[in-house]
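K.L.:
So the chains spell out like this:
Protein chains: 2
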Amino acid sequence: MHFRHYLAILSGFVALTAVATAAHHVPKPSPNGIKFPVGYQDWTVISMSHRVDNKTVRVIYGNDQAIKAIKAGKTNPWPNGSIIGKVVWKEKVAEDWAGAIVPGKFVHAEFMFKDAKKYAKTGGWGWARWTGLDQKPHGKDASLADACVACHTPVKNKDWVFTEPAMLPGRHK
Amino acid sequence: MHFRHYLAILSGFVALTAVATAAHHVPKPSPNGIKFPVGYQDWTVISMSHRVDNKTVRVIYGNDQAIKAIKAGKTNPWPNGSIIGKVVWKEKVAEDWAGAIVPGKFVHAEFMFKDAKKYAKTGGWGWARWTGLDQKPHGKDASLADACVACHTPVKNKDWVFTEPAMLPGRHK
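The listed protein sequences derive, respectively, from chains A and B. Using our numbering, the first residue of the first sequence is number 1, and each one after it goes up by one. Using our numbering, the first residue of the second sequence is number 1, and each one after it goes up by one.
Treat the hints with care, since some could be wrong.
Same chains, same label: a pair holds when it works inside one copy or across any pair of copies.
To be verified - Okay, derived cross-link-like pairs now, DSS-like style, lysine-lysine, Cα gap no bigger than 30 Å in a straight line: (1) Lys55 with Lys117; (2) Lys55 with Lys92; (3) Lys28 with Lys68; (4) Lys28 with Lys71.
FYI, nobody ran anything at the bench for these hints, they're computed from the structure. Keep in mind the model is a prediction, meaning the values are calculated, not measured.
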């Protein structure tokens with residue numbers, strides 16, 4: 001075997017290994033076919049909340065399209081392509097400030113994907129959740145959206161979104 | 001006057017107006033000379049908190065350098081160039097969920113700028129705050145840092161930072 005053939009095969013293995021490694025780190029799609037939104041941890045904040053009723057805290061993120069819609073004041077309806085993500089943690093008391101509640105254990109990250117046509121049957125949004133630090137897809141099949149839609153029905157007239165974008169300089173209407 | 005001279009003068013006015021308008025939108029530097037960190041609203045989240053003791057909620061942001069340090073688990077000390085920003089709102093009850101506390105009126109955005117040498121006299125951090133939606137610089141002169149340093153002294157052994165980075169997939173050590 002020529003040395004250059006050996007090199008070609010070797011580089012092929014290296015490439016395959018790289019692909020396999022990357023694939024290993026991307027969580028599996030949701031059972032309804034929605035793909036994991038890689039990199040949501042670096043998205044821009046829409047708001048945050050403290051659910052005092054169930055002792056959790058949350059940060060609500062938006063992708064570029066969602067943030068653009070907020071800046072334009074056009075979020076009812078949200079434009080197609082908008083993704084809203086909510087990261088949920090168990091609440092805990094801050095280590096160094098007894099009067100502050102902060103994120104404790106990571107619970108899950110859940111998302112709404114806007115596409116009025118594609119997701120017409122579930123309020124114009126695709127729904128998905130990944131649970132735990134290993135980000136295991138939530139639910140058994142497409143019916144997983146039923147619980148999401150049921151809970152969000154009270155805000156149907158706000159395009160199914162509970163979150164009020166936080167007041168921020170440059171973003172306040 | 002030649003038409004091209006008229007055009008040159010007109011375009012000069014247009015350029016000056018554009019500069020003046022842009023300058024208008026960037027808040028003035030802090031009285032201690034620290035410049036306003038343009039675009040912090042789009043930085044990555046480090047954590048959040050609900051100060052139940054003073055009825056405010058907060059999102060804590062990091063610039064790229066700060067987030068890189070968190071991912072590497074090297075935040076004591078934080079590397080020079082790190083900026084940590086805290087946005088503070090008055091708490092309010094969510095419009096559509098009685099059991100949730102969310103951001104109400106915007107109070108201020110305050111920042112710690114790490115430079116161990118430049119800011120050696122104030123714990124290795126430069127301190128600054130801009131108040132209200134018009135982001136007015138806080139304080140009269142360089143002594144504004146005194147109150148910051150005094151309050152942060154209990155966490156001197158944590159490089160003066162109260163915030164514990166929130167547990168997130170890909171960022172948890």
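K.L.:
Confirm or reject each hint.
P.N.:
Structure-based check of each hint:
1. Lys55 with Lys117: neither (36 Å within a copy, 42 Å between copies)
2. Lys55 with Lys92: The answer is both: 8 Å in one copy and 17 Å across copies each meet 30 Å.
3. Lys28 with Lys68: both (28 Å within a copy, 26 Å between copies)
4. Lys28 with Lys71: Classified as between; 23 Å across copies, 32 Å inside a copy.
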